[in-house]
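When you get a sec, could you build the whole thing from the sequences and use the hints?
Protein chains in written order, with our numbering: chain W, 1 to 788; chain L, 1001 to 1788.
Heads up, some of the hints might be wrong.
Unchecked claim - Straight-line C-alpha distance at most 25 Å; calculated SDA-like pairs for lysine to any residue:
(1) W:K187 - L:E1663
(2) W:K626 - L:E1707
(3) L:K1651 - W:L248
(4) L:K1625 - W:H266
(5) W:K257 - L:D1250
(6) W:K626 - L:V1269
(7) L:K1376 - W:H266
(8) W:K272 - L:S1627
(9) L:K1651 - W:E441
(10) L:K1257 - W:N357
(11) L:K1187 - W:R652
(12) W:K198 - L:G1365
(13) W:K376 - L:R1247
(14) L:K1626 - W:G733
(15) L:K1257 - W:N380
(16) L:K1194 - W:L656
(17) L:K1651 - W:T243
(18) W:K187 - L:A1085
(19) L:K1651 - W:E183
(20) L:K1194 - W:L268
(21) L:K1626 - W:T267
(22) L:K1257 - W:E619
(23) L:K1625 - W:E441
(24) L:K1626 - W:L268
(25) W:K376 - L:D1250
(26) L:K1625 - W:G733
Stated by the list, open to error - Residues from chain L that face chain W, not an exhaustive set, calculated with beta carbons under 10 Å:
(27) G1141
(28) A1207
(29) L1268
(30) A1275
(31) A1363
(32) L1371
To be verified - Derived coverage of chain L by chain W (criterion: at least 3 residues anywhere in the stretch with Cβ under 8 Å from a Cβ of chain W; other residues may be distant):
(33) 1176-1188
(34) 1194-1204
(35) 1329-1342
(36) 1620-1631
(37) 1635-1647
(38) 1708-1717
Keep in mind that the hints were calculated from the coordinates and are not lab data. The C-beta atom is built at its ideal place from N, Cα and C for all residues, glycine as well.
Number of protein chains: 2
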Amino acid sequence: MLAHILFGANTEVGKTIWSTALCYASHYLAHAPVEYIKPVGAGPVEEADYVHLAKFVPCKCTNIHQFEKAMSPHMSEGAMQTTDASIVSALRKHLQASSFKNTFVETAGGVSSPAPSGSLQCDLYRPLRLPVLLIGDSKLGGISTTIAAYEQLKVRGYDISAILMLRDPENAPQYENWKYFSEIWSKSYSCHDKENIKCFTIPSPPALSQDAEADFKAMQKYYSESASVGYDVLKHIEQVQKTRLARLDDMINQTEKHIWYPFTQHTLVNPKEIAVIDSAHGDMYTVFAPNAKRKSEEALADGSKKEGSVAVEENKYKELFDASASWWTQGLGHGDPYLAMSAAYAAGRYGHVLLPNCTNEPALGLAEDLLSTVGKGWANRVYYSDNGATGMEIALKMALKAARIQHQLSGKIEIIGLEGAYHGDTIGTMDACPPNVYNVEVDWYDGRGIWFDSPVVKVSNGEVSVQWEDKSFSFTALDDVYNVSSRVNSHLAKQYASFIGEKVRTAMQQGHQFGALVIEPLVVGAGGMLFVDPLFQRVLVDIAKGRLPESPWYTEAHENKKAGIPVVFDEVFIGLYRLGQLRSADILGVYPDVQVNAKLLTGGLVPLSVTLASEELFEYFLSDKKSDALLHGHSYTAHPVGCHVARQSLKRLDQLNRTAWTENKQRWLEFFGCQNVNGVLSSRNPNAWSVWDPEWVYEVSKLECVESIMALGSLASVVLKAGDHGYQSSAAGQYLSRLREFSTGAEEYGILARPLGNVVYFMTSQITPTHTVKEIQAKIIDVFSQPR
Amino acid sequence: MLAHILFGANTEVGKTIWSTALCYASHYLAHAPVEYIKPVGAGPVEEADYVHLAKFVPCKCTNIHQFEKAMSPHMSEGAMQTTDASIVSALRKHLQASSFKNTFVETAGGVSSPAPSGSLQCDLYRPLRLPVLLIGDSKLGGISTTIAAYEQLKVRGYDISAILMLRDPENAPQYENWKYFSEIWSKSYSCHDKENIKCFTIPSPPALSQDAEADFKAMQKYYSESASVGYDVLKHIEQVQKTRLARLDDMINQTEKHIWYPFTQHTLVNPKEIAVIDSAHGDMYTVFAPNAKRKSEEALADGSKKEGSVAVEENKYKELFDASASWWTQGLGHGDPYLAMSAAYAAGRYGHVLLPNCTNEPALGLAEDLLSTVGKGWANRVYYSDNGATGMEIALKMALKAARIQHQLSGKIEIIGLEGAYHGDTIGTMDACPPNVYNVEVDWYDGRGIWFDSPVVKVSNGEVSVQWEDKSFSFTALDDVYNVSSRVNSHLAKQYASFIGEKVRTAMQQGHQFGALVIEPLVVGAGGMLFVDPLFQRVLVDIAKGRLPESPWYTEAHENKKAGIPVVFDEVFIGLYRLGQLRSADILGVYPDVQVNAKLLTGGLVPLSVTLASEELFEYFLSDKKSDALLHGHSYTAHPVGCHVARQSLKRLDQLNRTAWTENKQRWLEFFGCQNVNGVLSSRNPNAWSVWDPEWVYEVSKLECVESIMALGSLASVVLKAGDHGYQSSAAGQYLSRLREFSTGAEEYGILARPLGNVVYFMTSQITPTHTVKEIQAKIIDVFSQPR
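What follows is the structure, given as structure tokens:
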């Protein structure tokens, strides 16, 4: 089965003529069943493209939407009700059920003509990413419009199989644009499909008279004469498709030979479970799934199965929901054309340019944007690097040196951290973590700190509680757990303070010297997605900054920003709305001296990290000697592509946070945020909420195989009951395999989740539709309810 | 002075009409001197656009090239001789000398219509990056062509100030595309200039009769009636420009407040020397230079200075040659539209997608490409990470664990390295280097190895030599130094072997255990751009692999790939043709077990690093336990944008290496590659060559202030005589300031070089034109010849 989409470089360039010619060739020359689909048409039905086509080829013609006026569909009445998703969904189902050898989908107008919703044609159809036949523009200026259309398609990640053009009409100026595309362009620098792309031409159709019968005959003759070129096109696109499929078929094999996966024991990889990601859109991977079962044979168009020349093939492309948000990076969805264009703009304007002793708009602008949001109230400086690990290395270097000077330390300096902490995989950031499975086999690992076991927030068997060692503290309102300011004078806060104070004091008496408090606020991520009691972290910070009498650094001069030791927040994972908040400081009620952000920062496109620091810390590095500076850098420091994309991403994340994303807030308050479901609400602006349904969280927490669950923002984390806890646990395996099966909801997709031992987590993006969240929730309940 | 460039969404959309309307408004309403420039026109002179314009506005009209036929200029005779560079250079000089308040540059055809050379219009004019007025397409389909044109311009890094459109002619179908751009589009997701972009419209011009006099009057009336809209456009673009300049003026100030520069002692930064990089193209930064002197007042168009209403302003944009290749990343030039499109394609097709247990074409394809080139003969696996430092962390983890298992080591494992080594700024990679200025202030630094002082290759006072401690070995042929295979049995090789062997043996007797040899082949980079004698490194590798009797790991079973300890090549800087070779293995004649590449890998766009490894190393990590795997990863591991761009870059670098880039090879052989300049050549395929002229290298080596120089590939490194050697030396300061002055060659650009203490290095890309290399060479000689 071979479906192509026809885009036009402009309107009236011959999309319908070419569609007819191709269908004609398929039917009469290749004797291959063929379908023509016009998802959205404009103009009177009797003039519709498929009516023209049906006159000359006895093939199946399908029309999904027809708008009456011959104008851009977005201007027609009722257009706005026709959503992109509904068009794509209808077309996808139609194609999945089809068994025609060839299918041609004709778009409306040019590549960027608005769809009924106002989206551009090329954006509308992107989720299907069908191979493209680009109908080039033969008119004066058509070289320009054709290349422009081609580039727009490439920016959306389409592959173009061929350019199809009409030759100049006889007795008209001979612009010969087709010659440019046949002979020159595929060798030129601006062509990105040099290996594959071919240009095919047929003459312009004959001029029409007023004699319908004569016109029909002339056109019939025309199509008959063009059929051999049409046949050549069919052969070409078949070959391109064959090559493409052969490659996809071979990719698992080659990957097993050549790739060394991160975080992976290769002997435990099941080749059949390697996902061949052919493309991605929104939250979905489109995977090539040679072994996927075809489910909808009964939905086949009647009779199409009987045609002897076509074998019913399996549908090889399937969708997988990216439930790990591609290692926690995705917030705005895959394949976003706006972000792709932003990346291209910065690449086109700068490429990468040097930062030290220089400046540029993306780097400076992003710094300003961050300091006025994430760093508001405390940070004055942005230090750029490439990923969370390097950002944390910089943070450590900043903090340790500042503490060394401030407290006149010499010799070994350590940090205060948390059990289960993870700050990256460079050896320096590993040293800032307690011994664990990640670093035990690293030869130069040398953990440098003392580590606190964290009290953990969870929902277990329908109850909200904070678990601290063997003690459990119940809460009726989850929101209250995260209303830290109301808890700072609680008995538990006092207990935390004396516990922490004493452990630090004891260590110092034993000769330990501390240079920083380093924590992942709110959630200890790779260490098992533990939701740490925010009050505990608040008290840790207050101890580190000498604000509590229990602190070894206690001072009454609370306004002294240099008091105590520097506090480092690693918000690489949790920051920028992952947990429904811009930053943890607004929940904890305290500021750090250094903070690292990454992951969501660049909208899930390219690596970039920022280390924000206070001016007080910056000043420790000032002197008249170069060697006193922070001599740390990476070649692509503050690369404009990343910085510019980050600015656009932050704007959009903020926008989404203020609008669509938070529709669940009220439901969370109602369910988990008050004394009881029918009680009086304790707050109108919840500290804790999630896109996951609170009732679903409640339900999951009661499942037999589930120990506990917690959800904040886009994250839901489920701890499974398991004998062999920890990172090496295989408890989740069975469940994950079942989640992957392609049978979620009406759209038939699977869920690809990554385990962390016996913890299974699920992340949405900020653009995940509510109905998708509901579908996934239902599937999770279903899978987790089955026996293991 | 305000110059704009007018691009058309298509041909015949009204570029000339709008040009005339704008000039008319400037002249008659704003009373501001205005110039109209048509750099390349097509068609008979009497029908040329400027002839039309001159009829209605008494303003200066400039035409640079006119091709006779009314067709795409690339098809005209003689067109190919009209290079892009010559057009841009002529236009740049003209604009620099101009003092008109408003200038409008009209392009030919649509945004992508081919220029005389065959380049696209939008690529041709990109080096000037003038603000754009996009003339939208009012015809049916014009929404699509206008958005497509807009996106093409954005991909090239242009800023669009406004969209200008003609309204539909009366008595014709009213498509009202202008309404879309006036009312809908600037709020839509696909518009990237939401804040600034406005759409202006004027009516279509009146239909013309055959009566020239009547037509003239009708057009005059038309322009007169359109003048107020033209005036509004002038006000708008003036405002946009004002905002832009105000921001540029403020950027140094804001940068000083908010950015924490890498590798920079902020107290030593001179704000006046901060380069405000507004954009970049090829090897050039376009900087905003408020203090730059205007040199060419005498070249002003006659009389233009006298017009009272215009003050002669300084020309604020200047060019700076990027002589550090933006921290060694650039090989294909800034702002390459092909790479920008490649980045956009991968972003549009995937965004970022998960790697472990998955696969995708960019990640797998790049691995295959690398293994069949850089890794050919030895590597089987590619491990992805984000930058050289993380790539080296991975390399260290691979090598140390392999050695630990192989030699059953326990306790502290160290490496063998070089003095002056630099492998990145993470603490782990710092630990693989001897104590130095970079790591001395890092609290957790702990150098773990023994370090060899390297014999160094240099050209000093016209002589080629290898300097080893206090001994100097003269060579008449530089090429022979790099013909390592001919030297392996030399006396010096024996000396090296016994020296190295003894030092390692002694250390081992003292209890040191070694897990890897870690070197930067050929050039020790950040440590001072030292060109290490390749024979010394060859011997080091042979010792490490147990191939020489002097080695403590000596074994006669040379074919045993696991013999000795793993060898790690850090080719982050020197690899991928930076030194004129794909990889050092071909010069050294030995393979590593692990190699890291980065920097040039992604053509200077985004961070990405690869650690290549042999299958033997990979196998040390296999077991049935997850914890035995290499548990290292970064969120954006193998991000498709980087991988896809890298594939395109590698292809192009290889192509350039086989063609244009190597024209200097023969000259190097003749000068430095034989017994004497007039002697018989020793080789036809030089091991050592550079894009820098050998005679220039010779000349520089004789300058009074120069201690020595060396050049390979695109790198030339000059060691200055200086009292206070090392990284903290300020010897270079004076020279660097002079190099920055905007007065190099005919095109008036400065050179922005970064010092490494008393070492000044210069890098070209692979696309630097020969005349530019010559201009830079001349300026360097000039500056270095002046007293300090």
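A quick look at each hint next to the structure:
Between K187 of chain W and E1663 of chain L the alpha-carbon distance is near 23 Å, which keeps this suggested pair within the 25 Å criterion. Only pairs whose Cα atoms come within 25 Å are accepted, and K626 of chain W paired with E1707 of chain L is accepted, the gap being roughly 23 Å. For the hint linking K1651 of chain L to L248 of chain W, the alpha-carbon distance of about 22 Å falls within 25 Å, and the restraint holds. About 10 Å separates the Cα atoms of K1625 of chain L and H266 of chain W, which keeps this hinted pair within 25 Å; it holds.
Distance hint between K257 of chain W and D1250 of chain L is unfulfilled; the C-alpha atoms sit about 53 Å from each other, more than 25 Å. For a cut-off of 25 Å, the pair hint linking K626 of chain W to V1269 of chain L stands: about 10 Å separates their Cα positions. Using a Cα cut-off of 25 Å, the hinted pair K1376 of chain L and H266 of chain W holds, with the two alpha carbons roughly 23 Å apart. Restraint check for K272 of chain W and S1627 of chain L: the C-alpha separation of about 23 Å stays at or below 25 Å, so the hint holds.
Our distance criterion of 25 Å between C-alpha atoms is broken by K1651 of chain L and E441 of chain W, whose separation comes to about 38 Å. For the hint pairing K1257 of chain L with N357 of chain W, the CA-to-CA distance comes to about 13 Å; that is within 25 Å, so the pair holds. In summary, the hint linking K1187 of chain L to R652 of chain W is supported, as the alpha carbons are separated by about 13 Å, within the 25 Å threshold. Of the supplied pair hints, the one linking K198 of chain W and G1365 of chain L holds, its CA atoms being roughly 23 Å apart against a limit of 25 Å.
For a cut-off of 25 Å, the pair hint linking K376 of chain W to R1247 of chain L stands: about 22 Å separates their Cα positions. Straight-line distance between C-alpha atoms of K1626 of chain L and G733 of chain W comes to about 14 Å, which keeps the hinted pair within the 25 Å bound. A threshold of 25 Å between alpha carbons decides the hint, and for K1257 of chain L with N380 of chain W the separation of about 7 Å falls inside it, so the pair holds. Between the alpha carbons of K1194 of chain L and L656 of chain W the distance comes to roughly 17 Å, so the proposed pair stays at or under 25 Å and holds.
Distance check on the hinted pair: K1651 of chain L and T243 of chain W sit about 21 Å apart at the alpha-carbon level, within 25 Å; holds. A distance of roughly 21 Å separates the Cα atoms of K187 of chain W and A1085 of chain L; the hinted pair therefore holds under the 25 Å criterion. Our distance criterion of 25 Å between C-alpha atoms is met by K1651 of chain L and E183 of chain W, whose separation comes to about 22 Å. At most 25 Å may separate the alpha-carbon atoms for a hinted pair to count; K1194 of chain L and L268 of chain W exceed this at roughly 50 Å.
Between K1626 of chain L and T267 of chain W the alpha-carbon distance is near 9 Å, which keeps this suggested pair within the 25 Å criterion. Between K1257 of chain L and E619 of chain W the CA atoms are separated by roughly 12 Å; this keeps the pair inside 25 Å, and the hint holds. For the suggested pair K1625 of chain L and E441 of chain W, the alpha carbons sit about 12 Å apart, so the restraint of at most 25 Å is met. This hinted pair checks out: K1626 of chain L and L268 of chain W have alpha carbons roughly 8 Å apart, not beyond 25 Å.
Proximity of K376 of chain W to D1250 of chain L is assessed by CA-CA distance (about 21 Å); at most 25 Å being required, the pair is judged to hold. Proposed proximity of K1625 of chain L and G733 of chain W is supported: the alpha carbons are some 15 Å apart, at most 25 Å. Interface restraint check: G1141 of chain L against chain W, minimum CB-CB distance 3 Å, threshold 10 Å, status holds. Given the 10 Å rule on beta carbons, the hint for A1207 of chain L is violated: about 19 Å separates it from the nearest Cβ of chain W.
Against a cut-off of 10 Å between C-beta atoms, the interface hint on L1268 of chain L holds, since the closest Cβ of chain W lies about 7 Å away. Below 10 Å, beta-carbon pairs count as interface contacts, and A1275 of chain L has one with chain W at about 4 Å; its hint therefore holds. At about 7 Å, the closest approach between the beta carbon of A1363 of chain L and any beta carbon in chain W falls short of 10 Å, and the interface hint on this residue holds. Hint status for L1371 of chain L relative to chain W: holds, with the closest Cβ pair at about 6 Å, below 10 Å.
Coverage of the segment 1176-1188 of chain L by chain W holds [criterion: at least 3 residues with CB-CB distance below 8 Å; count 3]. With 0 residues carrying a beta carbon less than 8 Å from a beta carbon of chain W, the segment 1194-1204 of chain L misses the three-residue requirement, and the given coverage is violated. Only residues whose beta carbon comes within less than 8 Å of a beta carbon in chain W count, and the segment 1329-1342 of chain L has 12; three or more means the coverage holds. For the segment 1620-1631 of chain L, the stated coverage by chain W holds: 11 residues have a C-beta nearer than 8 Å to a C-beta of that chain, and at least 3 were required.
Under the rule that three or more residues need a Cβ within less than 8 Å of chain W, the assignment of the segment 1635-1647 of chain L holds, with 6 such residues. With a cut-off of 8 Å between beta carbons, the segment 1708-1717 of chain L has 0 residues touching chain W; three or more are needed, and the interface restraint is violated.
Checked against the numbered hints given earlier, the structure breaks hints 5, 9, 20, 28, 34 and 38 and satisfies all the rest.
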